[in-house]
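From just these sequences and the hints, can you work out the full model?
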Amino acid sequence: MDEQESPLSLVLFSGTDDKLSAAAVLTVGAAVMGRPVNIFLQYYALRAFRAGKVHADHALAWEATDAVAPDIRAHPGQHWSELLKQAKEVGEVNIQACALSMDMFHLRPADLDPLVDGVEGVAAFMASASDGQVVFI
Amino acid sequence: MSTVQITKSIDARGMACPGPLMNLIGAIRHGQVGDVFEVLSSDAGSKTDIPAWVAKAKHELVEVREEDGFARFIVRKAR
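So the sequences go chain by chain: A and B. Quick note on numbering: my numbering labels position 52 of the first sequence as 52, and the sequence is numbered without any gaps. Quick note on numbering: my numbering labels position 34 of the second sequence as 34, and the sequence is numbered without any gaps.
A hint or two may mislead.
[What the hints assert, rightly or not] Here are the in silico distance ranges between beta carbons for each label pair:
hint : chain 1 : residue 1 : chain 2 : residue 2 : range
1    : A       : S130      : B       : A55       : 24 to 30 Å
2    : B       : V64       : A       : A22       : 26 to 32 Å
3    : A       : V122      : B       : A44       : 47 to 53 Å
4    : B       : V64       : A       : V122      : 41 to 47 Å
5    : B       : H30       : A       : A110      : 31 to 37 Å
6    : A       : A99       : B       : K56       : 51 to 57 Å
7    : A       : D66       : B       : V64       : 37 to 43 Å
8    : B       : T3        : A       : K85       : 35 to 41 Å
9    : B       : A78       : A       : A59       : 42 to 48 Å
10   : A       : R108      : B       : A16       : 33 to 39 Å
Just so you know, the hints here were simulated from the structure itself, not pulled from any lab data. By construction, the Cβ of each residue, glycine as well, lies at the ideal position given by its N, Cα and C atoms.
Here it is, written out as structure tokens:
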């Protein structure tokens, strides 16, 4: 993994546990394959990264009907925060809070979980994304 | 039967994707060049992920063997 791979940049908007889990799995996959990952937390996703709230029940996306929700909740996969922690250990993963969403919810950096590396604006995020893919979740 | 000497065996059966791969990566990072790791995984994702990661990280996939309800991966740390 010596050659520099193009970054994967994820904009996390949804704050439900299923979408955060899917995003965390993508992050692990990119990180282990040597791609830098930039994560930009907006709106409800940012709220899920508040200190002390990471392990709260963040519910499931609207697609999770009563017929499928039990399967999702019963799945033995690791919590999304644990996957993100592992991705940071094996690869280059940078998690930034959107400055606008911080303002909207009256949050300060100290209000966020230590998984979050900082607060930045959208232009700085796009600069990090450079010519790599940007995925909105 | 394989005759390679296994340095460390990781029983990741029952773990969900990407758990078995992450356990292998952790073991390889802490191992020495030449060490041989065995991973037992019942996760279907491992069948594609472990060979893909081993090739990317330039280690050696010594063997993949299908067992009853799981797969056995043997990987040598090459660098």
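Do the hints match the structure? See the list:
1. S130(A) - A55(B): 24 to 30 Å: Because 26 Å falls inside the window, the suggested range holds.
2. V64(B) - A22(A): 26 to 32 Å: 27 Å, holds
3. V122(A) - A44(B): 47 to 53 Å: Distance hint for V122(A), A44(B) is violated at roughly 38 Å.
4. V64(B) - V122(A): 41 to 47 Å: This hint holds: roughly 44 Å between Cβ atoms.
5. H30(B) - A110(A): 31 to 37 Å: About 34 Å separates the Cβ atoms of H30(B) and A110(A), which means 31 to 37 Å holds.
6. A99(A) - K56(B): 51 to 57 Å: 35 Å, violated
7. D66(A) - V64(B): 37 to 43 Å: Cβ of D66(A) to Cβ of V64(B): about 39 Å, so the range 37 to 43 Å holds.
8. T3(B) - K85(A): 35 to 41 Å: Once the Cβ atoms are compared, 38 Å apart, the range 35 to 41 Å for K85(A) and T3(B) holds.
9. A78(B) - A59(A): 42 to 48 Å: 45 Å, holds
10. R108(A) - A16(B): 33 to 39 Å: 35 Å, holds
Of the numbered hints stated above, those contradicted by the structure are hints 3 and 6, listed in ascending order.
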